[in-house]
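**Student:** Next come the chains, spelled out residue by residue.
There are 2 protein chains.
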Amino acid sequence: MKPNFSLRLRVFNLNCWGIPYLSKHRADRVKRLGDFLNRESFDLALLEEVWSEQDFQYLRQKLLPAYPAAHYFRSGIIGSGLCVFSKHPIQEFTQHIFTLNGYPYMIHHGDWFCGKAVGLLVLHLGGLVFNAYVTHLHAEYNRQKDIYLAHRVAQAWELAQFIHHTSKKADVVLLCGDLNLHPKDLGCRLLKEWTGLHDAYLETRDFKGPEEGCTMVPENCYVNRQELEQFPLGIRIDYVLYKAVSGLYISCKTLRTTTGHEPHSGSPLSDHEALMATLCVRHSPPQHNPSPTHGPAERSPLISVLREAWTELDQGMAQGRWWATIAGYVIGLGLLLLGLLCALAAGGEIREVAVLLWTPSVGLVLGAGAFYLFHVQEAKGLCRARAELQHVLGRAREAQNLGPESQPALLLGQQEGDRAEEQ
Amino acid sequence: MKPNFSLRLRVFNLNCWGIPYLSKHRADRVKRLGDFLNRESFDLALLEEVWSEQDFQYLRQKLLPAYPAAHYFRSGIIGSGLCVFSKHPIQEFTQHIFTLNGYPYMIHHGDWFCGKAVGLLVLHLGGLVFNAYVTHLHAEYNRQKDIYLAHRVAQAWELAQFIHHTSKKADVVLLCGDLNLHPKDLGCRLLKEWTGLHDAYLETRDFKGPEEGCTMVPENCYVNRQELEQFPLGIRIDYVLYKAVSGLYISCKTLRTTTGHEPHSGSPLSDHEALMATLCVRHSPPQHNPSPTHGPAERSPLISVLREAWTELDQGMAQGRWWATIAGYVIGLGLLLLGLLCALAAGGEIREVAVLLWTPSVGLVLGAGAFYLFHVQEAKGLCRARAELQHVLGRAREAQNLGPESQPALLLGQQEGDRAEEQ
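Protein chains in written order, with UniProt numbering: chain A, 1 to 423; chain B, 1 to 423.
Source of the hints: derived by calculation from the structure; they are not laboratory data. Model, not experiment: these values are computed from the prediction. Not one of these hints is a red herring.
Same chains, same names: a pair is fine if it fits in one copy or spans any two.
Each computed DMTMM-like pair below joins lysine to aspartate or glutamate, with the alpha-carbon atoms no more than 25 angstroms apart:
#, residue 1, residue 2
1, K169, E92
2, K168, E92
3, K145, D314
4, K62, E92
5, K184, D199
6, K253, E211
7, K24, E219
Using the sequences plus the hints, can you model the full thing?
**Tutor:** This is how it looks when you write it as structure tokens:
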């Protein structure tokens with residue numbers, strides 16, 4: 001690589017709001033999105049909420065000349081909704097489906113059926129290894145009483161861990177997607193602190209778009225204004241995040257977002273705004289590059305956010321166990337009722353009523369059984385995330401207190417982490 | 001690192017057969033396992049089928065002085081059954097739960113409820129980064145008519161991909177576990193070809209244990225001899241696999257397995273045999289080390305096994321879709337029946353029978369609905385694995401035909417992979 005090496009990368013991200021039969025003007029918006037992507041010819045276009053594979057196939061055909069490589073990340077029952085179009089060959093791809101993703105009985109929210117995930121693409125550009133991630137976390141339906149908070153924090157942690165473990169040899173890491181997290185939300189801070197990723201909106205000196213970088217704005221005709229009641233300017237939940245290894249410097253030259261209208265035709269492409277970033281990667285003396293590995297001085301915010309996330313996951317776990325216990329009682333009562341009904345039917349007393357009630361009682365026991373199993377699995381999933389987090393917390397604390405060279409201290413951190421895990 | 005650098009690592013692996021209430025002499029075997037591990041003081045003990053967390057906690061307490069670090073990998077409803085005890089501090093850990101893992105309605109097999117997974121530990125030993133993986137794939141209940149074959153192949157692929165993507169900066173990779181795969185089975189070949197892992201049993205010059213390295217032998221009093229009818233010597237389904245980066249050489253100095261009896265007391269520790277490997281890592285000129293990255297000459301077996309796995313996943317996908325279609329018809333018929341019953345009840349004809357049949361019909365529709373959703377998700381999971389595999393196949397083919405330097409050829413491979421994905 002030459003010392004004056006410099007690489008520009010134009011990236012596009014959009015949550016497409018592509019729910020078949022439900023999203024307004026879907027076919028038209030997908031068509032216009034295809035036209036727009038062809039006109040702009042980005043290096044990489046990362047899309048979320050492309051729920052219909054037909055939409056992906058349509059875009060694929062349309063974009064083939066400008067974006068010869070593409071991939072649709074399949075998962076769950078409906079799908080992850082994630083896909084990607086690339087001007088450059090995709091060397092490798094894989095995906096990770098989040099362990100926890102809402103509740104199957106919250107059918108009207110539907111997230112559980114989607115199989116929310118993070119997709120990874122490995123690209124080789126200018127001699128560098130680029131790991132590009134695209135993701136979509138669980139939606140937030142009620143900010144005041146968010147029953148999915150623990151799940152979203154667990155997803156943010158799994159996402160951070162997936163990036164951490166799969167990007168160790170990457171020169172540049174890029175994460176785009178709809179995180180369903182406001183910039184100061186716990187999940188967002190956790191993700192950024194643990195991965196060392198930087199937020200294009202906060203880093204760039206050249207931003208054009210809605211105030212505060214919002215990606216859901218009241219000006220957009222598809223946005224449900226009631227949902228934005230608390231936020232008159234809109235909310236920022238879609239992100240372009242990046243980092244580079246020591247020796248390389250990555251910056252966001254420009255960041256543009258749509259402003260409730262498609263730049264050319266005027267109608268929005270989606271209920272979310274699109275993010276368009278021009279990133280620049282160049283050589284840099286190591287000291288100019290904020291290292292993704294935290295030094296002792298930088299550990300304090302990491303420790304604080306890890307502690308906060310630990311508490312949230314712990315509460316979620318307790319809640320999950322509580323629901324499992326309730327379901328256990330219902331199963332017990334249902335079984336008692338079934339026994340009673342059998343006895344009544346055998347004894348000939350109110351036989352017809354007993355026979356009539358028998359099937360709903362079986363239904364009750366089976367339903368409560370499924371509910372029990374689901375919440376046992378939920379508690380296990382949260383416990384797993386909490387254990388990983390606790391381990392990192394233990395090591396970060398020790399490194400802060402005693403310096404990173406101190407091996408016995410690190411070991412102690414490990415033990416502390418493990419002890420807490422036993423709780 | 002000194003030029004005469006050499007590192008010895010003693011590793012223990014056992015499928016513990018620790019099913020609460022069902023596995024014979026469980027408490028006694030766990031106690032003896034603890035005594036044995038304490039006596040032998042391995043560097044790393046990787047265990048499978050520790051289904052009870054109480055057993056893990058018991059072992060943890062017992063092994064604390066000799067193995068200060070430990071972790072239990074929680075997942076699914078019952079758990080992954082995986083845990084690890086280490087003499088050395090664990091730097092990091094995480095896990096990946098397999099997307100596909102049997103069928104929830106096969107309750108008597110129970111694998112679906114376990115949340116089978118692969119656990120990853122990162123250790124720093126002698127200045128080297130060690131990635132140790134522990135796993136347990138779906139059991140094989142009927143070798144002649146194996147309804148889980150596609151799931152096990154998909155699991156082997158996910159396992160291989162997880163190792164591939166998370167070990168890029170590791171100096172040494174170690175995988176232990178019960179793969180439920182015979183050495184020449186498709187899943188085993190796929191895993192070895194794609195990761196470049198070597199089989200300790202095949203590599204070592206000093207093996208002591210049952211003939212052909214079997215890890216389930218008829219001499220073991222806990223083994224169901226009927227299951228081994230086809231294999232009078234036993235079967236080899238538990239493995240120690242490893243590789244090192246170029247510049248390092250890893251070899252298996254000795255490999256011992258138990259032979260149906262615990263070495264000291266005579267009674268078996270489990271229905272599986274334990275594997276005890278002494279590994280040695282030292283410097284090596286790059287050419288002495290078989291590279292995990294396949295050169296063109298080495299690609300032929302990779303291509304052949306990828307093609308075979310592609311076919312298997314494709315068949316599994318077709319099967320999954322077929323079941324979903326059948327379930328779709330049943331839902332349709334169930335809804336028709338419900339309509340008919342409502343009409344009969346409203347009309348007053350055979351009213352009692354109609355009311356009685358109503359609830360089972362609702363049950364039928366709901367059951368078929370759940371069955372439908374499960375198989376839609378299964379087909380999506382298999383399709384995802386097939387797409388990843390197809391991509392690797394396309395690139396491997398091009399690299400074989402046109403040499404690894406040919407970028408346009410690689411791009412073509414990408415396109416081919418993507419075209420097939422569209423099928």
